[in-house]
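K.L.:
Use these hints to put chain A with the ligand onto chain L, whose structure you have.
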Amino acid sequence: MQTLDLQDVGLRTVNATLHAQSEQTNQTAWEVTNPRGAHAIACGLDAPIEVSVKGSTGYYCGGMNQQATIHIEGSAGPGTGENIMSGKIVIEGDASQYLGATGHGGLIVVKGNASSRCGISMKGVDIVVQGNIGHMSAFMGQSGNLVVCGDAGDALGDSCYEARFFVRGKVKSLGADCVQKEMRPEHLELLTSLLEAAGIDADPTEFTRYGSARTLYHFDVDNAGAY
Amino acid sequence: MTAQDSKGIPLTTPRLSATFTPDVNSDIRRAAATGIYDIRGGGAKRKLPSFDDLLFMGASISRYPLEGYREKCETSVTIGALNAENPIELDIPITIAGMSFGALSGPAKEALGRGASAAGTSTTTGDGGMTPEERGHSSKLVYQYLPSRYGMNPDDLRKADAIEIVVGQGAKPGGGGMLLGQKISDRVAEMRTLPGGIDQRSACRHPDWTGPDDLEIKILELREITGWKVPIYVKVAGARPYYDTTLAVKSGADAVVLDGMQGGTAATQDVFIEHVGLPTLAIIRPAVQALQDLGMHRKVQLILSGGIRSGADVAKAMALGADAVAIGTAALIALGDNDPKWEAEYNALGTTAGAYDDWHEGRDPAGITTQDPDLMARLDPVEGGRRLRNYLKVMTLEAQTIARACGKNHLHNLEPEDLVALTMEAAAMARVPLAGTDWYPGKPGTTY
Ligand SMILES: Cc1cc2nc3c(=O)[nH]c(=O)nc-3n(C[C@H](O)[C@H](O)[C@H](O)COP(=O)(O)O)c2cc1C
Numbered sequence: 070m071q072t073l074d075l076q077d078v079g080l081r082t083v084n085a086t087l088h089a090q091s092e093q094t095n096q097t098a099w100e101v102t103n104p105r106g107a108h109a110i111a112c113g114l115d116a117p118i119e120v121s122v123k124g125s126t127g128y129y130c131g132g133m134n135q136q137a138t139i140h141i142e143g144s145a146g147p148g149t150g151e152n153i154m155s156g157k158i159v160i161e162g163d164a165s166q167y168l169g170a171t172g173h174g175g176l177i178v179v180k181g182n183a184s185s186r187c188g189i190s191m192k193g194v195d196i197v198v199q200g201n202i203g204h205m206s207a208f209m210g211q212s213g214n215l216v217v218c219g220d221a222g223d224a225l226g227d228s229c230y231e232a233r234f235f236v237r238g239k240v241k242s243l244g245a246d247c248v249q250k251e252m253r254p255e256h257l258e259l260l261t262s263l264l265e266a267a268g269i270d271a272d273p274t275e276f277t278r279y280g281s282a283r284t285l286y287h288f289d290v291d292n293a294g295a296y
Numbered sequence: 007m008t009a010q011d012s013k014g015i016p017l018t019t020p021r022l023s024a025t026f027t028p029d030v031n032s033d034i035r036r037a038a039a040t041g042i043y044d045i046r047g048g049g050a051k052r053k054l055p056s057f058d059d060l061l062f063m064g065a066s067i068s069r070y071p072l073e074g075y076r077e078k079c080e081t082s083v084t085i086g087a088l089n090a091e092n093p094i095e096l097d098i099p100i101t102i103a104g105m106s107f108g109a110l111s112g113p114a115k116e117a118l119g120r121g122a123s124a125a126g127t128s129t130t131t132g133d134g135g136m137t138p139e140e141r142g143h144s145s146k147l148v149y150q151y152l153p154s155r156y157g158m159n160p161d162d163l164r165k166a167d168a169i170e171i172v173v174g175q176g177a178k179p180g181g182g183g184m185l186l187g188q189k190i191s192d193r194v195a196e197m198r199t200l201p202g203g204i205d206q207r208s209a210c211r212h213p214d215w216t217g218p219d220d221l222e223i224k225i226l227e228l229r230e231i232t233g234w235k236v237p238i239y240v241k242v243a244g245a246r247p248y249y250d251t252t253l254a255v256k257s258g259a260d261a262v263v264l265d266g267m268q269g270g271t272a273a274t275q276d277v278f279i280e281h282v283g284l285p286t287l288a289i290i291r292p293a294v295q296a297l298q299d300l301g302m303h304r305k306v307q308l309i310l311s312g313g314i315r316s317g318a319d320v321a322k323a324m325a326l327g328a329d330a331v332a333i334g335t336a337a338l339i340a341l342g343d344n345d346p347k348w349e350a351e352y353n354a355l356g357t358t359a360g361a362y363d364d365w366h367e368g369r370d371p372a373g374i375t376t377q378d379p380d381l382m383a384r385l386d387p388v389e390g391g392r393r394l395r396n397y398l399k400v401m402t403l404e405a406q407t408i409a410r411a412c413g414k415n416h417l418h419n420l421e422p423e424d425l426v427a428l429t430m431e432a433a434a435m436a437r438v439p440l441a442g443t444d445w446y447p448g449k450p451g452t453t454y
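Chain order of the listed sequences is L and A.
Adding 69 to a residue's 1-based position in the first sequence gives its number in my numbering.
Adding 6 to a residue's 1-based position in the second sequence gives its number in my numbering.
The shape of chain L in the complex, shown without the other chains (with noise of 0.2 Å):
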């Protein structure tokens, strides 16, 4: 295990140490230490490392993540995982706004609640909270899946796309062209594996699955309020 105090070596010693890792790196394991809500901690990482952060963080911890596992042991500020494109964020606290903006693919779990805006303008990420979410979220969710076990705040999934969302508890209410969908076979073999890879004991029958009607897809005069 390599340890890098944050305090101690500041915030582009810690990032460009594991940016200095590569695909063949021997040192997997990586510790960062006193982040004391510090910003932009372990983004842009290109590796399959593991690396965790011991406290919470500030705005954009994991950002652009590729191929690297990240454990926050505490709560994640705004944007944290955004554009995500591969690997893992696993924060055990809370996480902020913006969880996972943008993100393009890879895994991001929180063991706490979610905060507004979760999976913004999603593109193939897949988002597993283990709380509740605040309003907005997913709003123009392109792609990816959104789970969530607890419940979701108003505007769930406005003005999506192609991305799904699955609930387990209430949601506050739908955004614009977000509707309840038919919960298929195929979606709850996608869902058991989600809860599976997310390390998360949930039974996937409990949930309710969302997306999007489709509706807003061609402009129509007759839709113009919606836009």
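The hints are simulated quantities; they were obtained by calculation from the structure and are not laboratory data.
Keep in mind the model is a prediction, meaning the values are calculated, not measured.
Note that beta-carbon positions come from the ideal geometry of N, C-alpha and C, so glycine has one too.
Take the hints with a grain of salt, since some may be wrong.
[Claimed, not checked] Per the computed footprint, the stretches of chain L lying under chain A, defined by three or more beta-carbons under 8 Å from a beta-carbon of chain A, are:
1. 84–96
2. 131–138
3. 141–153
4. 169–177
5. 281–288
[Unchecked claim] Once the Cα atoms are required to be at most 20 Å apart in a straight line, the calculated SDA-like pairs of lysine to any residue come out as:
6. A:K235 <-> L:A85
7. A:K165 <-> L:E265
8. A:K165 <-> A:S123
9. A:K165 <-> L:S155
P.N.:
Okay, now just chain A with the ligand, sitting in the frame of chain L:
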């Protein structure tokens, strides 16, 4: 003999309304027939105070000129030396503005890259991501970071020579983008992670930050991901240029790209293009003032765009304090957009060469703003690149001609004192005297 009615009373001449013009009436009829606003490409078409309302004074007894072919007039510019390990070094201060792949065809993007590289300048990606055509043919490529984040990925980010965070565009300050289904080919759809053929909207705000405090952190993140190697530009629409420039600089931008309302767009509501934003002429001095007040003029570069057409426009923008300019529409015209040689086809589309602006429909006879394979094939990227290079060279020579006449050995040495204005409006906006006077509206020390 004047026309008379049946009772012999003279008829008045038919008189068109200055309020309800034929243009306005056709807009009303279109709205009544469709129920949806008009979308088009291009910039504001209305007449605005512009660089045409400014003149250079040239040399005289008190200022001596430089010899045209003998004495050097430098044109190079460095952008982003403030924080970046590898600032952008350009031979000429005229860059190619960000235009999306999707709005433009692959060959058009390639032609822009070829032309810009041959002229020693940079080109810019756009909404829709980076294409290999463009990266491969652009020696200096600026990668736009837009609200939509279509095609956004760290591999391309690290291939960029600079990053441009787009907050706004002059044609639509506060507006998002749209790309209609006709132009969402399979390739465009795949790059944007969207189903093919749908009408697609781009967000108007960034999904993971709002306001200057967040922007500062976003810039930090982008610098960390790219190892502090490349400059970070922030592009804003001409709306509140003094404050926007101040906030961009305070957030850590290496360069500010400022786009006036004449600036082109690929597709926006006509009402937005014509009625929101400030004319390019009006935004330069407040932005320069902001940089000067922060002690950052010439340290953070100001790149101006919106209706730049000629070397005279370049020289005027630089005299007012810009470090460089960017061109969009003019570059497309150089490639062949709106060329009268396609007049019959423009007529068939209900328009005429010079007026064609339905770039969002994907039926561009010149093969530039389209994804239709047959139309796209009309643009030869090598020939297009050559034409753009020629045009950039001419603009540069023109700007040098003016600078030498003003006795300047670098375009950056042009200054407001070299200019006069032809109208009160232009004098007020550019803060240079009305020709033949030593006064402009708002001049400090003026008593009313
Ligand atoms: C076809 C077209 C597509 C454009 N796409 C983008 C874009 O994707 N992102 C952006 O910031 N600006 C975009 N713009 C605006 C240009 O970057 C630039 O601000 C503008 O064209 C400058 O004004 P000019 O066209 O008068 O030179 C586009 C402009 C045109 C004409």
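K.L.:
Next step is simple, just say for each hint if it's right about the structure.
P.N.:
Verification of the supplied hints:
1. 84–96: Holds: 3 residues of the stretch 84–96 of chain L have a Cβ under 8 Å from chain A.
2. 131–138: n = 3 at 8 Å, threshold three: holds.
3. 141–153: holds (count 4)
4. 169–177: holds (count 3)
5. 281–288: It holds, with 3 qualifying residues against the three required.
6. A:K235 <-> L:A85: Given pair K235 of chain A, A85 of chain L holds - Cα atoms ~12 Å apart, limit 20 Å.
7. A:K165 <-> L:E265: Violated: K165 of chain A and E265 of chain L sit about 36 Å apart, past 20 Å.
8. A:K165 <-> A:S123: Answer holds: K165 of chain A to S123 of chain A is near 16 Å, not above 20 Å.
9. A:K165 <-> L:S155: holds, 19 Å
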